[in-house]
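Model the full structure from these sequences, guided by the hints.
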Amino acid sequence: MLKGKVHKYGSNVDTDVIIPARYLNTTDPAELASHCMEDIDADFVKTVEPGDIIVAEDNFGCGSSREHAPIAIKASGISCVVANTFARIFYRNSLNTGLPILECPEAVAGIGRGDTVEVDLGTGKITNVTTGASFQAKPFPPFMRELIEVGGLVNYAKAKVGE
Amino acid sequence: MGQTITQKILAAHCGKEAVEPGELVNARLDMVLGNDITAPIAIAEFAKIGAETVFDKDRVALVPDHSTPNKDIKSAQLVKILRDFARLHNITNFFEIGKMGIEHTLLPDEGLVLPGDAIIGADSHTCTYGALGAFSTGVGSTDLACAMALGETWFKVPEAIKFIYYGKMPKWVSGKDLILYTIGKIGVDGALYSTMEFTGETISELDMAGRFTMCNMAIEAGGKNGIIEPDEKTLAYVNPRAKREFKLYKSDPDAAYKDVIEIDVSKLEPIVSFPHLPENARPISEAAHIKLDQSVIGSCTNGRIEDLRVAAGILKGRKVHPDVRLIVIPATQEIYLQSIKEGLTEIFVEAGGAVSTPTCGPCLGGHMGVLAEGERAVATTNRNFVGRMGHTKSEVYLASPAIAAASAVLGRLGSPEELS
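So the protein sequences, as listed, match chains A and B. When we follow numbering that gives the first Met the number 0, the leftmost residue of the first sequence carries the number 0, and every step to the right adds one. When we follow numbering that gives the first Met the number 0, the leftmost residue of the second sequence carries the number 0, and every step to the right adds one.
Derived by calculation from the structure, the hints in this document are not laboratory data. Warning: the hint list may mix true and false statements.
[To be verified] Derived lysine-lysine pairs resembling DSS-like cross-links, with alpha carbons at most 30 Å apart:
#, chain 1, residue 1, chain 2, residue 2
1, B, K79, A, K157
2, B, K340, B, K70
3, B, K392, A, K7
4, B, K184, A, K157
5, B, K56, A, K157
6, B, K56, A, K159
7, B, K315, A, K157
8, B, K79, B, K56
9, B, K170, B, K315
10, B, K249, B, K155
11, B, K56, B, K161
12, A, K159, B, K47
13, B, K155, A, K124
14, B, K155, A, K159
15, A, K137, A, K124
16, B, K232, B, K246
17, B, K73, A, K45
18, B, K167, B, K315
19, B, K15, A, K159
20, B, K161, A, K137
21, B, K184, A, K137
22, B, K257, B, K155
23, B, K155, A, K157
24, B, K315, B, K266
25, A, K2, A, K137
26, B, K161, B, K15
27, B, K98, B, K73
28, A, K137, B, K155
29, B, K98, B, K79
30, B, K232, B, K315
31, B, K257, A, K137
32, B, K392, B, K70
33, A, K45, A, K4
34, B, K184, A, K7
35, B, K266, B, K232
36, A, K137, A, K157
37, A, K45, B, K392
38, B, K47, B, K73
39, B, K246, A, K159
40, B, K242, B, K232
See the structure below:
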């Protein structure tokens, strides 16, 4: 069970604001995390605590293919991102780097900035502890569940190389 | 039910007769690509997989184009990771400084990506090669790592949106204006997870440079891939370049589309996309009040020789406005040389412009033209997000090479029609 306070954003949060290109001369997760979201929310790195949850509207993670974006979010302490929709490369990258993401428009509408939220990744149940409301996220398709269960794409490929 | 060109290419790459939208497939890949930003992470992940070497040393392309020539020590370290990996695994298609170019212009020009191919690249603008009639899409570094090891990857077969362009394009309207207008019409997530199939008489008339520009920006509408059926123009481009067999696919007349959007281009004006999203498309006649500090002509979107010819045609005999810095970046070394041979470089320099060696540089605010607080640039690039070209309080206006060149002279956004 994941639990944390919510950092809320609108639509089209792009990968350039998640981690600006001027910091892409490193691949170090901690260094990337220290600049996470700074162009859209300068307070994010000062206020984020381990377990916190990002909630956003449409097309989260649009723009570049940089895997540095989910890496920076995960390394900043964020335990899960809930959005109406995700841009497709960010969606793949999150699965591949082990950043839990859930699509759930009802939850996005029913959760505000600073609320405390619980997420059960096993069932997809999202609970707004602050208001008591709960929501059901869309389940992952079976193949993606399989990917998550084996610990991501690298482990999947490792098994295939070993065949 | 018929199949779209995208379905046919994916089916052929997973050994099936047909595939349906929503179906998950494991597809064989003809080319996998990484650059100096994405490949270092992929190379680290590749080491964890335990593969002895890459699946095919001729089908991996590594292009150090984003922060090159190395802009700082950290970037130099990243490029060295690519170079060392390429040497270790005898990667044929590693492109060193002096021979390189912006990946999405370089690969088609080198004949490394061909019609009918299935291609992934750890760069979002990998969708560019759809202009050849290939399935091509961007992925992240971990996907690249696994593809380098296995030569295959998984895809969800996308639904498709068909765009039909008709009518004759007015003077100064280009492929860039068509795609900016289209993104303005459907929004930056208007084609989320979907194929954008560009069709119609206007596309048949459009040259390959314009087609590459359109497919390049499919990602800016959230598209999984952009694609154009190959025709005689495609073959004229591909035949002298191809070093291996390729196959031409076309959509069936009864293929299924989730939406069909018709666009009459005959009344279009050149388009400018205002900050901070590519969907903020406006006709140039509504943009004349925007004063500029910089004009950038280049990038994987518009750094081809055709783009430079348009810009040079406008700049010839004219001077860049005293308040504006003009930066011209030919996309590859071949284009750079061609620009010199045709006298285009001389025109840019005489006009007061700076001409750079190939690099993605300013497009992503990396180097070679980063903006200060409050500055505004018109750019032939592909994104105008907050902070994209520099300071978070700078602004990028996306436009065609014709508009970027004319605006550089005017000192504000404007059309070549306004130049005396």
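Here is how each hint holds up against the structure:
no.: 1; hint: K79(B) with K157(A); result: 26 Å, holds
no.: 2; hint: K340(B) with K70(B); result: 28 Å, holds
no.: 3; hint: K392(B) with K7(A); result: 22 Å, holds
no.: 4; hint: K184(B) with K157(A); result: 44 Å, violated
no.: 5; hint: K56(B) with K157(A); result: 19 Å, holds
no.: 6; hint: K56(B) with K159(A); result: 19 Å, holds
no.: 7; hint: K315(B) with K157(A); result: 57 Å, violated
no.: 8; hint: K79(B) with K56(B); result: 18 Å, holds
no.: 9; hint: K170(B) with K315(B); result: 18 Å, holds
no.: 10; hint: K249(B) with K155(B); result: 20 Å, holds
no.: 11; hint: K56(B) with K161(B); result: 36 Å, violated
no.: 12; hint: K159(A) with K47(B); result: 13 Å, holds
no.: 13; hint: K155(B) with K124(A); result: 25 Å, holds
no.: 14; hint: K155(B) with K159(A); result: 20 Å, holds
no.: 15; hint: K137(A) with K124(A); result: 9 Å, holds
no.: 16; hint: K232(B) with K246(B); result: 15 Å, holds
no.: 17; hint: K73(B) with K45(A); result: 26 Å, holds
no.: 18; hint: K167(B) with K315(B); result: 27 Å, holds
no.: 19; hint: K15(B) with K159(A); result: 21 Å, holds
no.: 20; hint: K161(B) with K137(A); result: 28 Å, holds
no.: 21; hint: K184(B) with K137(A); result: 29 Å, holds
no.: 22; hint: K257(B) with K155(B); result: 16 Å, holds
no.: 23; hint: K155(B) with K157(A); result: 21 Å, holds
no.: 24; hint: K315(B) with K266(B); result: 28 Å, holds
no.: 25; hint: K2(A) with K137(A); result: 19 Å, holds
no.: 26; hint: K161(B) with K15(B); result: 24 Å, holds
no.: 27; hint: K98(B) with K73(B); result: 22 Å, holds
no.: 28; hint: K137(A) with K155(B); result: 17 Å, holds
no.: 29; hint: K98(B) with K79(B); result: 16 Å, holds
no.: 30; hint: K232(B) with K315(B); result: 29 Å, holds
no.: 31; hint: K257(B) with K137(A); result: 22 Å, holds
no.: 32; hint: K392(B) with K70(B); result: 23 Å, holds
no.: 33; hint: K45(A) with K4(A); result: 14 Å, holds
no.: 34; hint: K184(B) with K7(A); result: 28 Å, holds
no.: 35; hint: K266(B) with K232(B); result: 25 Å, holds
no.: 36; hint: K137(A) with K157(A); result: 29 Å, holds
no.: 37; hint: K45(A) with K392(B); result: 21 Å, holds
no.: 38; hint: K47(B) with K73(B); result: 23 Å, holds
no.: 39; hint: K246(B) with K159(A); result: 29 Å, holds
no.: 40; hint: K242(B) with K232(B); result: 18 Å, holds
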